[in-house]
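**Student:** One letter stands for each residue in the lines below.
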Amino acid sequence: MPSILVVEDSPTMRQLITFAMKRIANARVIEATDGVDALKKLSSEKVDLILADINMPVMDGLKLVSLVKNNQSYKDIPVIIVTTEGAKEDKDRAMAIGADAYLAKPIQTQELIRLVNSFIGS
Amino acid sequence: MENEQGVTRKMDDFLEIFRKGEEFTKDLLKENEKLRFRIAQLEEEARKSAGEEKIRTYEERISQLQEEVNALTERFRKVTEENKDFASKYVEVEEINNALANLYVASYQLHSTLDFDEVLRIIIEIVINLIGAEVFAVLLMDEKTNDIVPVSSEGVALEMVPKARIGEGIIGSVAREGESYFAADISGVGDVARGEPIVCIPLKIKEHVIGAIAIFSLLTQKEGFTNVDYELFNLLAGHAATAIFSAKLYTQSERKLTTIQSFLELLKEKPRK
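Top to bottom, those sequences are chains Y and Z. Taking my numbering as reference, the numbering of the first sequence is continuous, increasing by one, and the terminal residue is 192. Taking my numbering as reference, the numbering of the second sequence is continuous, increasing by one, and the terminal residue is 320.
Because the hints were derived from the structure by calculation, they are not lab data. Mixed in with the good hints there might be a few duds.
Unchecked claim - Calculated pairs, DSS-like style, for lysine-lysine (alpha carbon to alpha carbon, straight line, at most 30 Å):
hint	chain 1	residue 1	chain 2	residue 2
1	Y	K92	Z	K136
2	Y	K92	Y	K161
3	Y	K92	Z	K131
4	Y	K158	Y	K139
5	Y	K110	Y	K139
6	Y	K111	Y	K133
Unchecked claim - Looking from chain Y toward chain Z, a few residues come up when the C-beta cut is under 7 Å (computed):
hint	residue
7	T82
8	M83
9	S143
10	G156
11	A171
12	A174
13	K175
14	P176
15	T179
For each residue, glycine too, the CB sits at the ideal point set by N, CA and C.
Take the sequences, apply the hints, and build the full model.
**Tutor:** The structure is reproduced here in structure tokens:
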């Protein structure tokens, strides 16, 4: 059963992404409201994939990606950035830090599901 | 002498019988040969006839199989057509599913609270995340002044958004008519200072307009509106309005309740004195 950590401060987006992830067979969704909350969840739960927003309070998505990719225990977990920042330089910056994929909002559910499936092989 | 002649005659008779026997035997052998030949002929004919029968059977079978192949080819063509049809329907269903998920989440979130500020925050979230707007404002009707006053904004400071008078300008007209406004070129940027958005959605409870959402620009990656966006606009027009209205009423009633409770407390305290 793949576990997907959704890191998003907006309850609307969190619910929408969780809704979409429920359509992936057997996927278990863990929710976090910011980067710090995500790190707490990572230390206590087995996570197979992270979906993270960039603009979040306390700790943003880019900082989270950087910490995850520089941690021996988490570095192999794929991270997909889901953000309103759609400019090419934003994407390049996130990919340079170590993000595995980048999806600009507003998201198409099918596209998100396809992308997630390409990483967790469901 | 007579005996010798008798023996000779008998021998001749015997030889004659033997010759006849020989001829008879030869005739029998010839007849036998003819019969064998005839049997061989008949066997050949029978064999030939059986081959023709088989060929006929095979031809019939081939014909049947050909018909089956044709039927299967036709069926395959129909199934391929159906598959294409199903594939396009699947895409349609996926789009509808996507739209329903968006509408469900938006509606669920809008009615998840009675806190006015929370409702405004949710409207902002929906407009950013689900519609893809970058600069926009939520304006509400001030019934005392009949102005539409900005109460929340994103991408621009609230004080930069001017209030609008009913019937004046794009926002004022939308508030008066209750009809959404879409600029001819939504990829452009509206003028915040002049109150000229590229999209303006009235917030309505039935036909009563209580405010508007004015969008001045979309996110760079948002190239245009899809059907689900228009559905979201419709949903916002109705549900955001009722959510705002309910939250306002609730806040007012809470305030009144607090006042009444304080008053009752005062009344209870008086007799003691």
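**Student:** None of the hints should be skipped; say for each whether it holds.
**Tutor:** Against the structure, the hints come out as follows:
1. Y/K92 <-> Z/K136: Answer holds: Y/K92 to Z/K136 is near 22 Å, not above 30 Å.
2. Y/K92 <-> Y/K161: holds, 27 Å
3. Y/K92 <-> Z/K131: holds, 27 Å
4. Y/K158 <-> Y/K139: holds, 21 Å
5. Y/K110 <-> Y/K139: With Cα atoms ~16 Å apart, Y/K110 and Y/K139 stay inside 30 Å; holds.
6. Y/K111 <-> Y/K133: This hinted pair holds, its Cα atoms lying about 16 Å apart.
7. T82: holds, 4 Å
8. M83: Holds - the Cβ of Y/M83 comes within 7 Å of chain Z, reaching about 5 Å at its closest.
9. S143: Given a least distance of 31 Å, the restraint on Y/S143 is violated.
10. G156: holds, 3 Å
11. A171: violated, 15 Å
12. A174: holds, 4 Å
13. K175: Holds: closest Cβ of chain Z sits about 5 Å from Y/K175, inside 7 Å.
14. P176: Because about 4 Å separates Y/P176 from the closest Cβ in chain Z, which is inside the 7 Å limit, the hint holds.
15. T179: holds, 4 Å
Taken one by one, the earlier hints fail for this structure at numbers 9 and 11, listed in ascending order.
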